[in-house]
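Here the protein sequences come in this chain order: F and W.
Just so we're aligned: 154 in numbering that gives the first Met the number 0 is position 155 of the first sequence, and the numbers increase by one with no gaps anywhere.
Just so we're aligned: 114 in numbering that gives the first Met the number 0 is position 115 of the second sequence, and the numbers increase by one with no gaps anywhere.
Hints are computed from structural coordinates only; laboratory data are not their basis.
A portion of the hints provided could be inaccurate.
[Claimed, not checked] Which residues of chain W face chain F? A partial, calculated answer using Cβ under 10 Å:
hint, residue
1, S61
2, W77
3, A83
4, R85
5, L86
6, R88
7, C89
8, P91
9, A93
10, I99
11, R108
12, Y110
13, K114
14, N115
15, N116
16, Y117
Backbone N, C-alpha and C fix where the C-beta goes; we use that ideal spot for every residue, glycine too.
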Amino acid sequence: MTILLIVFQTEMFQPENVLKFAHHLYAEEDFSGALNEYRRYIFIADSVQQEIYERIIDCLIKLERFNEAIKETARIDDIDKRNYTKGWVYFSAGRFDSSRIYLDLVKAPYYISDARRLIGLGYAHQFNFNEASSYILMSFPKPKYKSATLGGLFALFPGGGHFYCGRIEDGIYSFFVVGTASALTYYYYNRKEDLKFGIALGVSILFYAGNIYGGINAVRNYNYYQNLNYLNKVIEVND
Amino acid sequence: MNILLILGSNCLKLFMYLILILLFTPSPRETNPVKIVVNAGINIYQKLISSAQGDVCNFSPSCSNFARQSISEYGILWGSLMTADRLMRCQPGAYKYYNIYYREIKDGRLYDPPKNNYIWERTPAYEKHRAKDTR
Chain F
0 MTILLIVFQT EMFQPENVLK FAHHLYAEED FSGALNEYRR YIFIADSVQQ
50 EIYERIIDCL IKLERFNEAI KETARIDDID KRNYTKGWVY FSAGRFDSSR
100 IYLDLVKAPY YISDARRLIG LGYAHQFNFN EASSYILMSF PKPKYKSATL
150 GGLFALFPGG GHFYCGRIED GIYSFFVVGT ASALTYYYYN RKEDLKFGIA
200 LGVSILFYAG NIYGGINAVR NYNYYQNLNY LNKVIEVND
Chain W
0 MNILLILGSN CLKLFMYLIL ILLFTPSPRE TNPVKIVVNA GINIYQKLIS
50 SAQGDVCNFS PSCSNFARQS ISEYGILWGS LMTADRLMRC QPGAYKYYNI
100 YYREIKDGRL YDPPKNNYIW ERTPAYEKHR AKDTR
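Can you make the complete structure from the sequences, with help from the hints?
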């Protein structure tokens with residue numbers, strides 16, 4: 000029984016079987032398990048192909064363990080491939096400036112088009128669409144932004160900042176809230192109820208100032224989501 | 000005698016307010032007295048009024064929690080402005096802006112944290128896109 004167990008275990012831990020199992024786990028998207036098996040394969044195998052290191056880096060990227068992935072790139076022999084892979088890891092981590100440093104070093108014709116695409120996408124992710132257009136296809140019109148100054152000026156009329164950004168319901172609600180607070184203030188002023196007038200005045204001022212702040216914030220959010228929608232279009236076309 | 004009675008009743012009222020504030024004040028991490036008073040006011044609202052009203056806010060975090068977080072993170076001035084803006088946006092039509100201005104749902108409500116509403120900083124998501132990083 001013990002002999003059978005030893006024989007079967009020996010069979011299971013043959014490097015080819017470990018590698019097959021690792022590939023299977025990778026295909027099943029169990030990247031944590033696949034990573035362990037690939038590392039076990041590296042430990043027991045006599046020689047390891049470069050593709051295995053790339054698979055390990057890919058597993059680490061999928062597991063968002065980017066610092067480890069960067070360290071693993073040192074095992075790649077080909078310099079251009081190493082730089083490209085490092086650039087790809089930094090890009091996946093959202094560190095676009097670092098990714099550009101390595102992608103700019105890629106010279107081999109086999110990788111250069113992908114490197115340029117990643118550089119362009121990196122610029123796009125940073126909402127720098129002017130630079131990105133030098134590297135990737137962006138044939139659709141650039142996003143139209145709204146001015147925060149105008150948003151603040153329009154917000155001097157209650158709800159105006161929100162109307163400027165197309166947020167009609169928010170604008171109407173702001174108008175009614177500020178209007179109601181102002182009406183209450185005037186009402187208590189007429190009745191000469193000083194304490195209630197003071198409280199109503201304070202609330203009116205707070206909501207009016209909040210309305211101006213909200214108008215500027217609405218413009219800021221509008222511009223951000225214009226950029227985000229444009230970025231999604233760029234990724235769709237270039238991915 | 001009348002003056003003493005008036006003074007006595009005012010002191011009693013002040014004492015009762017202080018007891019209420021102390022009862023509803025959170026644990027002593029906050030040292031700013033204005034923020035302590037504001038937090039106490041929010042606590043009183045949450046325990047007395049909000050509990051009777053129910054869970055009616057369209058956003059997560061709720062408006063009172065948004066006020067607490069924004070005032071503690073960004074100060075009284077900006078926190079108050081952000082709270083006033085949030086109160087004017089908290090209306091049934093807010094759900095119309097899902098996937099336009101509010102991209103996430105949390106606890107079955109539109110996710111709108113203070114960090115997405117501070118005009119002097121970009122949102123964390125924006126920061127992820129714009130971050131200048133080091134090797």
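Cross-check of the supplied hints:
no.	hint	verdict
1	S61	violated, 17 Å
2	W77	holds, 8 Å
3	A83	holds, 2 Å
4	R85	holds, 8 Å
5	L86	holds, 7 Å
6	R88	holds, 5 Å
7	C89	holds, 8 Å
8	P91	holds, 8 Å
9	A93	holds, 7 Å
10	I99	holds, 7 Å
11	R108	violated, 16 Å
12	Y110	violated, 13 Å
13	K114	violated, 12 Å
14	N115	holds, 8 Å
15	N116	holds, 6 Å
16	Y117	holds, 8 Å
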